[in-house]
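Number of protein chains: 6
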Amino acid sequence: MPETSAIYPGSFDPITNGHVDIINRGLNVFERVIVAVLENPKKRPLFTTKERVRMIQDIFASKKEVEVRAFDGLLVDFARAQGTRVVIRGLRAISDFEYEFQMALMNRSLAPDIETFFMMPSVNYSFLSSNLVREVAGLGGSVEGLVPSSVARKLRNKVRGPHKVQIP
Amino acid sequence: MPETSAIYPGSFDPITNGHVDIINRGLNVFERVIVAVLENPKKRPLFTTKERVRMIQDIFASKKEVEVRAFDGLLVDFARAQGTRVVIRGLRAISDFEYEFQMALMNRSLAPDIETFFMMPSVNYSFLSSNLVREVAGLGGSVEGLVPSSVARKLRNKVRGPHKVQIP
Amino acid sequence: MPETSAIYPGSFDPITNGHVDIINRGLNVFERVIVAVLENPKKRPLFTTKERVRMIQDIFASKKEVEVRAFDGLLVDFARAQGTRVVIRGLRAISDFEYEFQMALMNRSLAPDIETFFMMPSVNYSFLSSNLVREVAGLGGSVEGLVPSSVARKLRNKVRGPHKVQIP
Amino acid sequence: MPETSAIYPGSFDPITNGHVDIINRGLNVFERVIVAVLENPKKRPLFTTKERVRMIQDIFASKKEVEVRAFDGLLVDFARAQGTRVVIRGLRAISDFEYEFQMALMNRSLAPDIETFFMMPSVNYSFLSSNLVREVAGLGGSVEGLVPSSVARKLRNKVRGPHKVQIP
Amino acid sequence: MPETSAIYPGSFDPITNGHVDIINRGLNVFERVIVAVLENPKKRPLFTTKERVRMIQDIFASKKEVEVRAFDGLLVDFARAQGTRVVIRGLRAISDFEYEFQMALMNRSLAPDIETFFMMPSVNYSFLSSNLVREVAGLGGSVEGLVPSSVARKLRNKVRGPHKVQIP
Amino acid sequence: MPETSAIYPGSFDPITNGHVDIINRGLNVFERVIVAVLENPKKRPLFTTKERVRMIQDIFASKKEVEVRAFDGLLVDFARAQGTRVVIRGLRAISDFEYEFQMALMNRSLAPDIETFFMMPSVNYSFLSSNLVREVAGLGGSVEGLVPSSVARKLRNKVRGPHKVQIP
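Chains as they are written, first to last, in my numbering: chain A, 1 to 168; chain B, 1001 to 1168; chain C, 2001 to 2168; chain D, 3001 to 3168; chain E, 4001 to 4168; chain F, 5001 to 5168.
There could be a bad hint or two in this list.
As a list, the in silico EDC-like pairs of lysine to aspartate or glutamate whose alpha-carbon atoms are at most 20 Å apart [said to hold, decoys possible]:
| hint | chain 1 | residue 1 | chain 2 | residue 2 |
| --- | --- | --- | --- | --- |
| 1 | E | Lys4064 | F | Glu5003 |
| 2 | A | Lys50 | A | Asp113 |
| 3 | D | Lys3064 | C | Glu2003 |
| 4 | A | Lys63 | B | Glu1003 |
| 5 | F | Lys5154 | F | Asp5058 |
| 6 | A | Lys158 | A | Glu3 |
| 7 | C | Lys2158 | C | Glu2003 |
| 8 | C | Lys2063 | D | Glu3067 |
| 9 | A | Lys64 | B | Asp1021 |
| 10 | F | Lys5154 | F | Glu5051 |
| 11 | B | Lys1063 | A | Glu51 |
Ranges of calculated distance between the beta carbons of each label pair, as one might list FRET restraints [what the hints assert, rightly or not]:
| hint | chain 1 | residue 1 | chain 2 | residue 2 | range |
| --- | --- | --- | --- | --- | --- |
| 12 | E | Lys4063 | B | Asp1113 | 56 to 62 Å |
| 13 | A | Arg156 | D | Lys3043 | 37 to 43 Å |
| 14 | E | Asn4124 | D | Ala3070 | 15 to 21 Å |
| 15 | C | Gly2145 | A | Thr48 | 40 to 46 Å |
| 16 | C | Ala2061 | A | Arg44 | 53 to 59 Å |
| 17 | D | Gly3145 | A | Arg156 | 28 to 34 Å |
| 18 | C | Gly2073 | A | Arg156 | 56 to 62 Å |
| 19 | F | Arg5069 | C | Arg2069 | 47 to 53 Å |
| 20 | D | Gly3083 | A | Thr4 | 26 to 32 Å |
| 21 | A | Arg44 | C | Asp2058 | 53 to 59 Å |
| 22 | B | Asp1113 | E | Lys4042 | 27 to 33 Å |
| 23 | D | Gly3083 | F | Arg5044 | 54 to 60 Å |
| 24 | C | Asn2157 | B | Asp1113 | 26 to 32 Å |
A short, non-exhaustive set of chain D residues, derived as facing chain A with CB atoms under 10 Å [as the list claims (entries may be wrong)]:
| hint | residue |
| --- | --- |
| 25 | Leu3027 |
| 26 | Phe3060 |
| 27 | Ala3061 |
| 28 | Glu3098 |
| 29 | Met3103 |
| 30 | Leu3105 |
| 31 | Arg3108 |
| 32 | Leu3110 |
| 33 | Ile3114 |
Calculated directly from the structure, the hints in this document are not laboratory data.
Cβ atoms here follow ideal geometry from the backbone N, Cα and C, with glycine treated the same way.
Given the sequences, and given the hints that come with them, work out the whole structure.
Written as structure tokens, this is what we have:
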């Protein structure tokens, strides 16, 4: 029986317009997209898990086909618990490609029944990453057009403080 | 409404075990996979379009969810004619990645409603290509394990003759 | 003494919007951009050298800072004959990167005084190539938005005929 | 009006012969090269901003066309404050390429009027990075030929101490 | 005089089946393979140098041609002290390729008489890294088939504790 | 028993200084290097197999450890016939990497006992290829420093004629 739902995992710290684009493209193919927010305490995210989940829920408030969940542990365990066997990931560049392939192969080794599908975001977002967005915001640059405006607002509040970062 | 069918286009000259793997993975997610065999007369394929279609049909004879069709012209036009908006492609390596992204972006530019999904074949087939299979067979090497055995047989018959090729 | 002119070499068979973008970016930095159209008879271009030169001249008819010249032979000899020591090239992707670096290093080995600068076209053209444009046109696809409209028209006339090509 | 100056930003911790090479190549094309030393306190540089600026000034003491400035904040803001619209960056390898393109696209998104030019250092420096130079020096290896000798001396003094690092 | 021994350096934190595969392939060509375990205190390895050396010794207990040594300092100095001029390294992917080439070129610059040979591990291990193995184990995933079983056991003991890590 | 000889296969049309460099590096590790010249009639080489073999023999006339042989058919069959299980190949760039890995994996699939070792040529030859050398010579450019001088001479004689080629 074919799959009707897909998991889209990530840190989403914060969600960018590139992520939003992939979720919308996923909805063209799957009935339900489960956005799985990795808790990832070791990476010391800028936004708490709760904040990250809430921001995504707000953006997709009108789309019931999008579910947002925090997760912790192995992705393949989470996928099984959700009863879905499809993982979607966006690919922007070669460096993504290698990392994503490594993760997908490891996941396949851990759980051969779970399949990873790779999607291409719009070229307009090909350079976007949460990391870069945080840096630009931290330096006082405008992130309008890079993240949903609700996220831009929260980011501005967050980085006002000791968070000075820089891009070369 | 989510998609239930996907198109898997290619030259399949001949179909390899890597292609078979991708088709089977596609069937885990989609109800129907349409294998679209590109006629491609300019590339002077080793097997005729008819032979290539027939070989794939034989391999999937027991799976009604796999349809095999020859096509000619733009892929996006063919996809629309088939009533499907999903294209699947296998990605083995970086060189694939760049070529496939270029094609997918061009297709997106021609038909924004059609989405390309990339899948990873089994690592066991990561080095396989129809081209390399033809070369090995042409030099008298064994292609068992690289292509379905029905294809291996046809390939042996085909390359007996003036077809001497070599790999460095 | 700093350079005021730069050479932009290529086959331009035909010129695309990506090329136009690079030429315009070059004009932001150099007083004069010399578009050097490679005669390249071995590659059997779709358009004659004369046609290719003319198409580019028409597009930049209003910009006197753009000169269009056919050339034949080593690029470094042509650059010296033009009295310029700067070559500009667009980089879209990794595959470009490697090829372009190889050519630039060879050119540096032949003429150490000539410097190659690499520029990034707009992301909107990151997937564009003359080759792909010819293929799409050959299959009857629309190339509006990919090439200047004068080029699109000439391309349509050219490919009406026995030129059937296909993309997988 | 064409540009006569270019900004060359980086951490320069410390400046290597590869950086020196790019600056000299830049001087073949631009009247003035502004070396912009990123303060970057978060990365905990080995040399202070002041030391890094001073080392570069010493190396180019005889070339008035080279200016060295520390900067802090967004590169595009600094470029505008300097009245220049050209950024130059060296490209050594694929990994550079992807990172540099991402930064250049982000900068273009923040300031469309600022253009990034990529240059190729001499192949002799294709493997050099400040990071690697620090590691080799930290292990007591000789960095002669990798950095200007004034830098080699300062590096030796700096790494004598608790700074033990290793390369595999 | 041709070489009869080769050094295989790394952190081996812990050794994976991919490393074991490379060592065995090395033994097909060289009489002796010296596994050189980098002490690397800055990276805060999960296993101590002693533990890492011991685990490898146990795995190759029956093969006298494998020697395991800890080292500290420049690899080229260690190689010379061992009287060997050959270094072997496994290459899995493009990202390896660039890093490894950079290190090999730096080593060649420091010691032109020492040669690096690159080998391909089995495709089954193409996605494996010590880092990923630690992460999976840290999340409670099974690492059987990824590392020798003696290592899997030690890893389970080690990560029981505060070591929670995650993969996206 | 460790190997004392290695095969270095290629088209060598013609041999470049990059190839010479790899052969010399091979001799630091192996007692004997067998240069295997692929006949490759389909690629229509510029030099006949006989000429290519002879040119290499002349260059290494004083080194008895270098044998030069033409071969035809599968490389792994040739290697076995020579009684050696080691193949060496030079890696210059990413594009090499992918192609070479594909070939090495196919060879491993055909003959698991034969191992491919990859070596890095000197950075001075990182951009060199026989193909590019032929093109430069065909356009009347100097290839001194790129190929041994005996080869440069033969190349000049060969390309005098209808062989006009061009590089962009």
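Verification of the hints:
At most 20 Å may separate the alpha-carbon atoms for a hinted pair to count; Lys4064 (chain E) and Glu5003 (chain F) meet this at roughly 18 Å. In summary, the hint linking Lys50 (chain A) to Asp113 (chain A) is not supported, as the alpha carbons are separated by about 30 Å, beyond the 20 Å threshold. Restraint check: the Cα-Cα separation between Lys3064 (chain D) and Glu2003 (chain C) comes to about 18 Å, which is no more than 20 Å; the hinted pair holds. Note on Lys63 (chain A) and Glu1003 (chain B): the hinted pairing holds, with a Cα-Cα distance of about 18 Å set against a maximum of 20 Å.
Distance check on the hinted pair: Lys5154 (chain F) and Asp5058 (chain F) sit about 12 Å apart at the alpha-carbon level, within 20 Å; holds. Restraint check for Lys158 (chain A) and Glu3 (chain A): the C-alpha separation of about 39 Å exceeds 20 Å, so the hint is violated. Restraint check for Lys2158 (chain C) and Glu2003 (chain C): not satisfied, since their Cα atoms lie roughly 39 Å apart, outside the 20 Å limit. Proposed proximity of Lys2063 (chain C) and Glu3067 (chain D) is contradicted: the alpha carbons are some 34 Å apart, above 20 Å.
Of the supplied pair hints, the one linking Lys64 (chain A) and Asp1021 (chain B) is violated, its CA atoms being roughly 34 Å apart against a limit of 20 Å. Annotation: proposed proximity of Lys5154 (chain F) to Glu5051 (chain F) holds, straight-line Cα distance about 10 Å (limit 20 Å). Straight-line distance between C-alpha atoms of Lys1063 (chain B) and Glu51 (chain A) comes to about 47 Å, which puts the hinted pair past the 20 Å bound. Taking 56 to 62 Å as the suggested C-beta distance range, the pair Lys4063 (chain E) and Asp1113 (chain B) conforms, at roughly 60 Å.
Range check, Arg156 (chain A) to Lys3043 (chain D): about 24 Å between beta-carbon atoms, so the 37 to 43 Å window is missed. At about 51 Å, the CB distance of Asn4124 (chain E) to Ala3070 (chain D) disagrees with the hint of 15 to 21 Å. Checked against the hint of 40 to 46 Å, the C-beta distance between Gly2145 (chain C) and Thr48 (chain A) comes to roughly 43 Å, which is consistent with it. Between Ala2061 (chain C) and Arg44 (chain A) the beta carbon distance is about 57 Å. The supplied range of 53 to 59 Å therefore holds.
Separated by about 48 Å at the C-beta atoms, Gly3145 (chain D) and Arg156 (chain A) break the suggested range of 28 to 34 Å. Distance hint check for Gly2073 (chain C) and Arg156 (chain A): the Cβ-Cβ separation is about 57 Å, which falls inside the suggested range of 56 to 62 Å. One distance hint, 47 to 53 Å for the beta-carbon pair Arg5069 (chain F) and Arg2069 (chain C), holds here, with the actual separation near 48 Å. Roughly 57 Å separates the CB atoms of Gly3083 (chain D) and Thr4 (chain A), a value that falls outside the hinted 26 to 32 Å.
Between Arg44 (chain A) and Asp2058 (chain C) the beta carbon distance is about 57 Å. The supplied range of 53 to 59 Å therefore holds. At about 52 Å, the beta-carbon gap between Asp1113 (chain B) and Lys4042 (chain E) misses the expected band of 27 to 33 Å. For Gly3083 (chain D) and Arg5044 (chain F), the Cβ-Cβ distance of about 56 Å falls inside the hinted range of 54 to 60 Å, so the restraint holds. For Asn2157 (chain C) and Asp1113 (chain B), the hinted distance range of 26 to 32 Å is satisfied, since their beta carbons lie about 30 Å from each other.
Residue-level restraint check for Leu3027 (chain D) is violated (minimum Cβ-Cβ distance to chain A is 21 Å; threshold 10 Å). The restraint placing Phe3060 (chain D) at the interface with chain A is violated, with a minimum CB-CB distance near 20 Å, outside the 10 Å limit. Interface hint at Ala3061 (chain D): violated, since its Cβ lies 25 Å from the closest Cβ of chain A, which is beyond the 10 Å cut-off. At a threshold of 10 Å, the smallest CB-CB gap from Glu3098 (chain D) to chain A is about 5 Å, leaving the interface hint in force.
Given hint, Met3103 (chain D) at the interface with chain A, holds; its Cβ is 6 Å from that chain's nearest Cβ, closer than 10 Å. Annotation: Leu3105 (chain D) was flagged as interfacial toward chain A, and the flag holds, the nearest CB pair being 4 Å apart, inside 10 Å. Proximity of Arg3108 (chain D) to chain A holds as hinted, the smallest CB-CB distance being about 9 Å (cut-off 10 Å). Satisfaction of the interface hint for Leu3110 (chain D) is found here, the shortest Cβ-Cβ separation to chain A being roughly 6 Å, below the 10 Å cut-off.
The interface hint given for Ile3114 (chain D) is violated, since its Cβ lies 13 Å from the closest Cβ of chain A, which is over the 10 Å cut-off.
Hints 2, 6, 7, 8, 9, 11, 13, 14, 17, 20, 22, 25, 26, 27 and 33, counting from the list given before, are not met by this structure.
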